[in-house]
Amino acid sequence: MSELRWHPLLQQWVITATHRQDRTFLPPEDYCPLCPTKPGGFPTEVPAESYDIVVFENKFPSLQRAPPHPAVEGNGVSPVLPASGACEVVLYSSNHRASLTTMPLERIANLAQVWRDRYVELGAREEVQSVFVFENRGEAVGVTLHHPHGQIYAFPFVPPVVQKELEASRAHHAQHGRCLFCDTVAEELRDGRRIVLEGERFVAFVPFFARYPYEVYLASKGHQASMAEWTPADAADLALVLKGLLMKFDALFGKPLPYIMVCHQAPTDGAAHPEYHLHFEFYPPLRTATKLKFLAGVESGAGCFIMDKLAEDSAAELRKAGPASVADVARNE
Amino acid sequence: MAEAEQAHFEKDVVQLPDGRRLIYYRFPAPRPRAEPSPATAPGTATKKER
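Heads up: the protein sequence lines correspond to chains A and B, in order.
For this note's numbering, add 3 to where a residue sits in the first sequence, where the first one is 1.
For this note's numbering, add 13 to where a residue sits in the second sequence, where the first one is 1.
Mixed in with the good hints there might be a few duds.
[To be verified] Below, computed lysine-lysine pairings styled on DSS-like, alpha-carbon distance capped at 27 angstroms:
1) K294/A to K224/A
2) K41/A to K24/B
3) K167/A to K312/A
4) K24/B to K62/A
5) K323/A to K224/A
6) K258/A to K323/A
It should be emphasised that the hints constitute simulated quantities derived from the structure, not laboratory data.
Bound conformation, chain A alone (with noise of 0.2 angstroms):
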C-alpha cells in the first residue's frame, strides 16, 4: 500500500509506502545487492561486471513514476492522493568498501555533476515539485545497506523544511533585498570562529543556531539557487569541501561518523527562487565518541531542539581533526 496522506494539524504529507518493510536489510558483504554482478555470482541490482556511478529507480520506492491507486480513501480533514514522483538510489563506486571520505577527488566531483543531471531531469518532470539529494551513513541512523550510496527523492511537493526556508528567505528577500542564506553565510564568514574549511567558492561551518552537536551546514559563497548552476569548477571545489569535511568528521572520534547529508535547493514548481540557496546540512547523530544525541520527547513533541553543545566549540573541535585545509585534502590525494 502507498499513498500520501494529509495531515491536516501540521498541514504536510504523510507517505505511506507499507511495502519498505520487506527490503533487504544489512545483507552480508558477499551478498551485496549493490555490487557489480559477478559472472556465475548471484544477480545483484547492477547486470554489469563493474561500474563507474549508477543511479536505479529504488526496488521499494516510497514514491513512483506510476504510483498505484491508493488503497484507502480520504475524509473530509485528510484528502488522500497517489504517491507519485521518483525515488532513485545512487551508487557512488562499485568499490564496496569506498566511501566519500576515501574516494579520489574527481569522483567525487563526477558525483557532484550526476547530482546535477538527475536535479535537471527530475526536476523537468511534470509531478515533480522538488528534487531532494541525500545521503545516510552508518547504521545509527538507519543504513540497511554498506555499500557507498545516497539516494534522491522526487518529491510532488516542496517537503515542509524547504518550504519553511523558503518562506523565511522570501520575507527576508522582500524586507532587505538580499538573500537571507547569502547574509548567514557573510556573518559566518566575518565572524569566523564556526567555520569549519572553507574552500574558493564552498564553505563548512556550524551555524550559529545548530541544533545537532556537531550540524555542519556547507554552502556555497556567492549565491546558487540550485545544482543547475554548478559549473564543473564548482563541482571541482565543492568535492573539495566535502570530503574535507567528511575527513574532519572521521577524525573527530576516531572512526567512521555515521551522519545524515541532505541538500536544499530550490523547488522544481515551475517558478523562479532568486530568494533561495543552495546548501548542504549535515546531521552527525552523535554527541560524544560513543554517545547519542536522542530526538526525545521536547524535540519529537514539541519540535524545539536543545543543543548539548556550543556551536563555537564543536567548530573548533572540528577545525582541530583531520585536514588543516583544503590545501591539505588535495596534497594527501
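Starting from the structure of chain A, add chain B where the hints point.
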C-alpha cells in the same frame, strides 16, 4: 550556465527486467597526476608564506 561549461559524461539508460530504469554514468578516465611544481611542492613555501 552554458552546456559547453558542463562536464562530459556518457549516460546509458537501460530498463531492468521488472521495468525499473537504471542509468550508467561513465566519465573520462582520470587525468594523470601532475608532478608538483617547485613552487607548490611540500616544504617549498613561498617567501610570503614563510
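These are the hints, each one checked on the structure:
With a CA separation close to 33 angstroms, the supplied pair K294/A and K224/A exceeds the 27 angstroms bound. Taken as a hint, the K41/A and K24/B pair is honoured in the structure, with Cα atoms around 22 angstroms apart against an allowance of 27 angstroms. Restraint check for K167/A and K312/A: the C-alpha separation of about 25 angstroms stays at or below 27 angstroms, so the hint holds. Between K24/B and K62/A, the direct Cα distance comes to roughly 21 angstroms. Compliance with the 27 angstroms bound is thereby established for this hinted pair.
With a CA separation close to 22 angstroms, the supplied pair K323/A and K224/A stays within the 27 angstroms bound. As the CA atoms of K258/A and K323/A are separated by approximately 15 angstroms, the hinted pair is consistent with the 27 angstroms bound.
Going down the numbered hints, you'll see the structure goes against just number 1.
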